[in-house]
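Protein sequences appear in the order of chains A and B. If you want our numbering, it's the position in the first sequence, counting the first as 1, plus 241. If you want our numbering, it's the position in the second sequence, counting the first as 1, plus 241.
Keep in mind that the hints were calculated from the coordinates and are not lab data. Don't take each hint at face value.
Any copy, or any two copies together, can satisfy a pair, since identical chains are not distinguished.
Computed cross-link-like contacts, EDC-like style, restricted to lysine to aspartate or glutamate with a CA-CA straight-line distance of at most 20 angstroms [said to hold, decoys possible]:
| id | residue 1 | residue 2 |
| --- | --- | --- |
| 1 | Lys376 | Asp328 |
| 2 | Lys300 | Asp249 |
| 3 | Lys376 | Asp249 |
| 4 | Lys329 | Glu374 |
| 5 | Lys357 | Asp251 |
| 6 | Lys376 | Asp283 |
| 7 | Lys357 | Glu304 |
| 8 | Lys376 | Asp352 |
| 9 | Lys376 | Glu360 |
Quick caveat, the model's predicted, so the values are computed rather than measured.
2 protein chains.
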Amino acid sequence: MHPRFLYDLDSCAMRRGLDVAGDGWTLRILREAVYGLTRFDDFANALGGGRGVLSGRLKAMVETGLMARQAYAEPGQRRRAEYHLTDKGWDLVPVLLALGQWSERWTPSPDGPTAKVTERATGRPVVVAMTAEPKARPLAMDDVRVTLGPGARRIG
Amino acid sequence: MHPRFLYDLDSCAMRRGLDVAGDGWTLRILREAVYGLTRFDDFANALGGGRGVLSGRLKAMVETGLMARQAYAEPGQRRRAEYHLTDKGWDLVPVLLALGQWSERWTPSPDGPTAKVTERATGRPVVVAMTAEPKARPLAMDDVRVTLGPGARRIG
Numbered sequence: 242m243h244p245r246f247l248y249d250l251d252s253c254a255m256r257r258g259l260d261v262a263g264d265g266w267t268l269r270i271l272r273e274a275v276y277g278l279t280r281f282d283d284f285a286n287a288l289g290g291g292r293g294v295l296s297g298r299l300k301a302m303v304e305t306g307l308m309a310r311q312a313y314a315e316p317g318q319r320r321r322a323e324y325h326l327t328d329k330g331w332d333l334v335p336v337l338l339a340l341g342q343w344s345e346r347w348t349p350s351p352d353g354p355t356a357k358v359t360e361r362a363t364g365r366p367v368v369v370a371m372t373a374e375p376k377a378r379p380l381a382m383d384d385v386r387v388t389l390g391p392g393a394r395r396i397g
Numbered sequence: 242m243h244p245r246f247l248y249d250l251d252s253c254a255m256r257r258g259l260d261v262a263g264d265g266w267t268l269r270i271l272r273e274a275v276y277g278l279t280r281f282d283d284f285a286n287a288l289g290g291g292r293g294v295l296s297g298r299l300k301a302m303v304e305t306g307l308m309a310r311q312a313y314a315e316p317g318q319r320r321r322a323e324y325h326l327t328d329k330g331w332d333l334v335p336v337l338l339a340l341g342q343w344s345e346r347w348t349p350s351p352d353g354p355t356a357k358v359t360e361r362a363t364g365r366p367v368v369v370a371m372t373a374e375p376k377a378r379p380l381a382m383d384d385v386r387v388t389l390g391p392g393a394r395r396i397g
């Protein structure tokens, strides 16, 4: 028997993270939030699929504390729902950026990256990386900017 | 219209990464590989679900280059399949470690982390973090060790 089975690993942090965000759509919604979407209708437009399904997914993200829901109304329109990433939600974004960097490393876009991550203060490129350097000052999402890169093809 | 819709973002690296690894089970299989599993029967035991489903999922991971399949046979037994992470697969592990660190940050385990990530050369704790420091030497998976932490409860 492999020694892994000597331990109860069901509540390991990786597993708990997967239970919250490893479902195949939380990170897709998060990606749209990184690109700036907040409105239910915009998420629906970007992600496709049924509105009821999306509504349930956003509700789950509110319940796990990744999103906060607020109402807004444009003049003369009925109230609609907006979803904003919470601090906990923003803090998950580096996971998605790490996934993007992995993808760009192993299957680079022919036209260059669609999104660029840079340090706000200096404009230097940001990487997500493992470090054991105690003096390393990790950047927070507030310190970085995600902008469109050369691979973002304009269609509109 | 939100400016996000002026661009074709379907081939952004985050999206392409999600297409490969954001399905809800690739990272679960990866987690078991980090804990040392290689044999089909062990993955089946750890992950539950049908063997046909698991077989298809491992096959997909071989096709996307995350896993390599090899045969092994114990004396007197028929040949069975073993799955080993490739370099590309190992390089995805920091994404999972980042997810685990996020989870531990926002919902810490009462008994301490189940898994610890340390630098092989120094034993120092490893974090996955964003950095814009050009001199930062990112660690590779070969440089780090994942071991069980105080929260790993022995059951066997």
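Results for each hint:
1. Taking the shortest alpha-carbon separations for Lys376 and Asp328, neither the intra-copy value of 24 angstroms nor the inter-copy value of 29 angstroms comes in at or below 20 angstroms.
2. In the homo-oligomer, the alpha carbons of Lys300 and Asp249 never lie at most 20 angstroms apart, since the shortest distance is 30 angstroms inside one protomer and 27 angstroms across protomers.
3. Within a single copy, Lys376 and Asp249 get their C-alpha atoms no closer than 34 angstroms, and across copies no closer than 40 angstroms, so neither meets the 20 angstroms cut-off.
4. Taking the shortest Cα distances, Lys329 and Glu374 never come within 20 angstroms of each other, neither inside one copy (24 angstroms) nor across copies (24 angstroms).
5. Taking the shortest alpha-carbon separations for Lys357 and Asp251, only the inter-copy value of 15 angstroms comes in at or below 20 angstroms, while the best intra-copy value is 36 angstroms.
6. Taking the closest pair of Cα atoms, Lys376 and Asp283 never come within 20 angstroms of each other, the shortest separation being 41 angstroms inside a single copy and 40 angstroms across copies.
7. For a Cα distance limit of 20 angstroms, the shortest separation of Lys357 from Glu304 qualifies neither inside one copy, at 30 angstroms, nor across copies, at 28 angstroms.
8. In this assembly of identical chains, Lys376 and Asp352 lie within 20 angstroms of each other by CA distance neither inside one copy nor across copies; the values are 36 angstroms within and 27 angstroms between.
9. Proximity of Lys376 and Glu360 under a CA criterion of 20 angstroms is satisfied in both settings, with 18 angstroms inside one chain copy and 15 angstroms between copies.
Against the hints set out earlier in the document, violations occur for numbers 1, 2, 3, 4, 6, 7 and 8.
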